[in-house]
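Novice: Spelled out, the chains give:
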Amino acid sequence: MRLLLVEDNRELADWLSKTLRQASYVVDVVHDGEDVEHALAAGDHALIILDLALPRMSGMEVLKRLRARGNPVPVIVLTANASLDGRVKGLNEGADDYLAKPFQIEELEARIRVQLRRANDRTAPVISCGDLVFDTNTRLFSLAGTTLSLTPREHAVLEQLVVKAGRTVSKAALSAAIYDFDTDADPSAIEIYVHRLRKKLEGSRVQIATLRGLGYLLRQDDPAP
Amino acid sequence: MRIGSLRIGSLRIGSLRIQLLAWVVLPLAGLAAINLWTSHGNARATADLVTDRMLMASARAIAEQVAVKDGVLDATIPPAAIEMFDTGDRDSVYYHVETAGGRLLTGYPDLPKATQRGSIETGFRDHRLRLATLSHAVIGAGSDSPITVTVGVTLGGHDAMVRRLWLSAFGQQLALVAIAGVFVLLGLRRGLAPLIRLRDAVRSPGRSDLDPIEVAGAQSEIRPLIEALNAYMARVRAQMAAQRRFIANAAHQLRTPLALLSTQASYALRESVADRRREALVALQASSGKLARLAEQLLTLSRAEPGSRRPRADRIDLTEAARQVLEAHAPKAIERNIDLGLEETGPVPVTGDGTMLREMIVNLVDNALRYTPAGGSVTVKLAATGSEALLTVTDAGPGIPVEEREHVFERFYRIAGSAEEGSGLGLAIVHEVVENASGSVTLGDAAAGGLKVEVRLPLAGN
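Here the protein sequences come in this chain order: B and L. Taking the numbering used here, I'd label the letters of the first sequence as residues 1 to 225. Taking the numbering used here, I'd label the letters of the second sequence as residues 1 to 462.
It should be emphasised that the hints constitute simulated quantities derived from the structure, not laboratory data. Misleading hints may appear alongside valid ones.
[Stated by the list, open to error] With a straight-line cut-off of 25 Å between C-alpha atoms, the simulated SDA-like cross-links for lysine to any residue are: (1) B/Lys18 to L/Ile247; (2) B/Lys18 to L/Ser266; (3) B/Lys89 to L/Asn249; (4) B/Lys18 to L/Asp275; (5) L/Lys290 to B/Asp135; (6) L/Lys381 to L/Gly346; (7) B/Lys89 to L/Arg277; (8) B/Lys89 to L/Arg244; (9) B/Lys18 to L/Leu291; (10) L/Lys290 to B/His31; (11) B/Lys89 to L/Phe246; (12) B/Lys18 to L/Ala286; (13) B/Lys89 to L/Ala384; (14) B/Lys89 to L/Leu254; (15) L/Lys290 to B/Leu140; (16) L/Lys290 to B/Asn9; (17) L/Lys290 to L/Ala248; (18) B/Lys18 to L/Gly346; (19) B/Lys18 to L/Arg277; (20) B/Lys18 to L/Leu269; (21) B/Lys18 to L/Gly289; (22) B/Lys18 to L/Leu284; (23) B/Lys18 to L/Ser288; (24) L/Lys290 to B/Ala100; (25) L/Lys332 to B/Asn9; (26) L/Lys290 to B/Asn81; (27) B/Lys18 to L/Leu254; (28) B/Lys89 to L/Gln253; (29) B/Lys89 to L/Ile247; (30) B/Lys18 to L/Gln253; (31) B/Lys89 to L/Ser288; (32) B/Lys18 to L/Glu271.
[Claimed, not checked] Quick partial rundown of chain B residues pointing at chain L, CB under 8 Å, derived from the structure: (33) Asn9; (34) Leu12; (35) Trp15; (36) Lys18; (37) Thr19; (38) Gln22; (39) Ala80; (40) Asn81.
All figures in this text were calculated on a predicted structure; none of them were measured in a lab. C-beta: ideal position from N, C-alpha, C; glycine also.
Working from the sequences, and respecting the hints, build out all of it.
Specialist: Right, here's the structure in full:
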């Protein structure tokens, strides 16, 4: 899952993104409000974490513009101002959730999971496809009860496929969801990740199907007759 | 609040009501007393006059009854001459009629005589008497004419008349003083009502918000008091608002670093690679150091606030203070390869709060080092010119754009887009301290680019 973190305190942005990457999220960071639009145009972000006190354009303004353009991406607002007024105003402007600084990273992560679950119309924290299970709480994949060991990139590809299980995911969409701005997006590398994932999924009841010219699709093998 | 006080003997009276009452009623009572004394005299004179007339009338009545009967002078006392004194005061009447030759015709032989055409008061047989004497010619009495008639009366009726006349005057005066007192009290009650309302308004438990007080019907003497009170409350309110804003800002400023600390700790806890964990812990240590510095700055700023510390007038040598600060910051400068230097020509004594002035230099040097890139230079220069001490700190940082210069002394102001994580308090502290020490601080461009901060303070006299 690719997240956009908008926070002007560089140190906090740096360490927050590091911690989120530990949990296998793909994280882009921008430091001011005016860069948010460019960032959103350049990548497919599943969620925005937005600090309100930003230079040049306030977080509230960013949020207003985002919703005015009809962008439905979930937004969790971070702020040092914990007043009721501020919270209500933020939520009224279209924020999906509100978290006051200082916060514990566990709480932020839990709220991120809630928003992602809602965005994908899921209610259970566990996504399964055949014997492949993705626990969104621990952010770990397991195959027939055994934890799958994946590189961050493989994790990102498989997460994208499992969330959209049964539907086709284009190469471009995968690319937009797994690379952050600091990495040169290389669509051909996706084939390599898919290849490696297929190997790791060998012998299971799920497989990644290739639809030529369309993309990939995670599907469950039909049970043996 | 003291309106004034009146001293009566050793008793100090603080009540305006009693004071005003005393000021009105006591002099009035004094005047009334003088008036009463005079009216006593008047009553006496009136009684004297009335008594004297009666005495003369009585004497005349007696004298007119004296006639020569059968060649002998006969004095018969007509009862009316005695009865006219019967006023119910049980006065005794004495009389004495004698011939020109001094022969007693009738009456008390030893009764004293008054002067002609006048009356006297004298004692007679243990009584005090008022006497009048009349000389009367009797036709046909020969050498016995004129006769002399003396009538005396005890003073019962006379004194009763004096008392009656005087008492009525006394009653009137007393009523006058009492009525004046009542009116003073009523007037005061009306006059003081706005003050009482003011007191109630100030005391009212609902008054915690320091709103201006409105007192309807306040007189022009009281209005300035209310206005002064309101102005004072407005000042306090403004100060409280500034304080509240500052605390809100401070709390706000502490939230982000705290979130950072918590994030770094979480990262370190989750990281299994030893190097990365160590990196996170080192960063955490640095963050907590910064947080400590921020807390220290907040404390300094609240101490620099006017009224929060007793004003001090230490005599300190700025040169020595700067030397100490630079020595303390030398390791940081060396670590970043910054050329940190002191240029001085001797002691520069100034007067003020020593701790605060040192803290001011710390913040200037800290800022300069923070914004100067590695390999740059920071210079602190001290000079005494005329009556002024001049402290100049120049750095090789990016400087401050002219349009931002008036804002950077505001608390928590940070220049948009600046990458360095300052607290936004350093220059606010400098400004506050310098203002308190009656100095001025200006920002300029250093010759080699970068920022030049000039602090001017009055030189301490000898």
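Novice: Please go over all the hints and tell whether each is borne out by the structure.
Specialist: Hints, verified against the model:
1. Of the supplied pair hints, the one linking B/Lys18 and L/Ile247 is violated, its CA atoms being roughly 32 Å apart against a limit of 25 Å.
2. For the hint pairing B/Lys18 with L/Ser266, the CA-to-CA distance comes to about 11 Å; that is within 25 Å, so the pair holds.
3. Between the alpha carbons of B/Lys89 and L/Asn249 the distance comes to roughly 19 Å, so the proposed pair stays at or under 25 Å and holds.
4. The straight-line distance between the Cα atoms of B/Lys18 and L/Asp275 is roughly 14 Å, inside the 25 Å bound, and the hint therefore holds.
5. For the hint linking L/Lys290 to B/Asp135, the alpha-carbon distance of about 38 Å lies beyond 25 Å, and the restraint is violated.
6. For a cut-off of 25 Å, the pair hint linking L/Lys381 to L/Gly346 stands: about 11 Å separates their Cα positions.
7. Annotation: proposed proximity of B/Lys89 to L/Arg277 is violated, straight-line Cα distance about 39 Å (limit 25 Å).
8. Pair hint B/Lys89 plus L/Arg244 holds up; C-alpha atoms about 22 Å apart against a cutoff of 25 Å.
9. Annotation: proposed proximity of B/Lys18 to L/Leu291 holds, straight-line Cα distance about 21 Å (limit 25 Å).
10. Simply put, L/Lys290 and B/His31 have alpha-carbon atoms about 21 Å apart, close enough for the 25 Å limit, and the pair holds.
11. Among the hinted pairs, B/Lys89 with L/Phe246 is consistent with the structure: their alpha-carbon atoms are about 23 Å apart, no more than 25 Å.
12. The suggested pairing of B/Lys18 with L/Ala286 holds, with an alpha-carbon distance near 17 Å, which does not exceed 25 Å.
13. The suggested pairing of B/Lys89 with L/Ala384 is violated, with an alpha-carbon distance near 55 Å, which exceeds 25 Å.
14. A C-alpha spacing of about 22 Å is found between B/Lys89 and L/Leu254, which places the hinted pair at or below 25 Å, so the restraint holds.
15. Taking the CA atoms of L/Lys290 and B/Leu140, the gap is about 36 Å. The hint is violated against a cut of 25 Å.
16. Among the hinted pairs, L/Lys290 with B/Asn9 is consistent with the structure: their alpha-carbon atoms are about 13 Å apart, no more than 25 Å.
17. Distance hint between L/Lys290 and L/Ala248 is fulfilled; the C-alpha atoms sit about 19 Å from each other, no more than 25 Å.
18. Distance check on the hinted pair: B/Lys18 and L/Gly346 sit about 52 Å apart at the alpha-carbon level, beyond 25 Å; violated.
19. A hinted pair counts as satisfied when its Cα atoms are at most 25 Å apart, and B/Lys18 with L/Arg277 qualifies at roughly 12 Å.
20. With a CA separation close to 13 Å, the supplied pair B/Lys18 and L/Leu269 stays within the 25 Å bound.
21. Distance restraint check for B/Lys18 and L/Gly289: the Cα-Cα separation of roughly 21 Å lies within the 25 Å cut-off, and the hinted pair is therefore satisfied.
22. Annotation: proposed proximity of B/Lys18 to L/Leu284 holds, straight-line Cα distance about 14 Å (limit 25 Å).
23. With a C-alpha separation of about 19 Å, the suggested pair B/Lys18 and L/Ser288 falls inside the 25 Å cut-off, and the hint holds.
24. This hinted pair checks out: L/Lys290 and B/Ala100 have alpha carbons roughly 21 Å apart, not beyond 25 Å.
25. Simply put, L/Lys332 and B/Asn9 have alpha-carbon atoms about 23 Å apart, close enough for the 25 Å limit, and the pair holds.
26. A threshold of 25 Å between alpha carbons decides the hint, and for L/Lys290 with B/Asn81 the separation of about 21 Å falls inside it, so the pair holds.
27. Taking the CA atoms of B/Lys18 and L/Leu254, the gap is about 22 Å. The hint holds against a cut of 25 Å.
28. Between B/Lys89 and L/Gln253, the direct Cα distance comes to roughly 21 Å. Compliance with the 25 Å bound is thereby established for this hinted pair.
29. Only pairs whose Cα atoms come within 25 Å are accepted, and B/Lys89 paired with L/Ile247 is accepted, the gap being roughly 22 Å.
30. With a C-alpha separation of about 23 Å, the suggested pair B/Lys18 and L/Gln253 falls inside the 25 Å cut-off, and the hint holds.
31. Restraint check for B/Lys89 and L/Ser288: not satisfied, since their Cα atoms lie roughly 32 Å apart, outside the 25 Å limit.
32. Of the pairs offered as hints, the one joining B/Lys18 and L/Glu271 holds, with about 10 Å between alpha carbons and a cut-off of 25 Å not exceeded.
33. For B/Asn9, the interface hint holds, since its Cβ comes within 8 Å of a Cβ in chain L; the closest pair sits about 5 Å apart.
34. Contact between B/Leu12 and chain L, as hinted, is supported at the beta carbon level, the nearest pair being about 4 Å apart and thus within 8 Å.
35. Using the Cβ-Cβ criterion of 8 Å, the hint placing B/Trp15 at the interface with chain L is satisfied: the shortest such distance is roughly 5 Å.
36. For B/Lys18, the interface hint holds, since its Cβ comes within 8 Å of a Cβ in chain L; the closest pair sits about 6 Å apart.
37. Interface hint at B/Thr19: satisfied, since its Cβ lies 4 Å from the closest Cβ of chain L, which is below the 8 Å cut-off.
38. Hint status for B/Gln22: holds, given a least beta-carbon distance of 5 Å to chain L, under 8 Å.
39. For B/Ala80, the shortest C-beta to C-beta distance to chain L is roughly 4 Å, which falls under 8 Å, so the interface hint holds.
40. Taking 8 Å as the C-beta cut-off, the interface hint given for B/Asn81 holds, the closest approach to chain L being about 6 Å.
Violation of the numbered hints given earlier is confined to hints 1, 5, 7, 13, 15, 18, 31; the remaining hints are satisfied by the structure.
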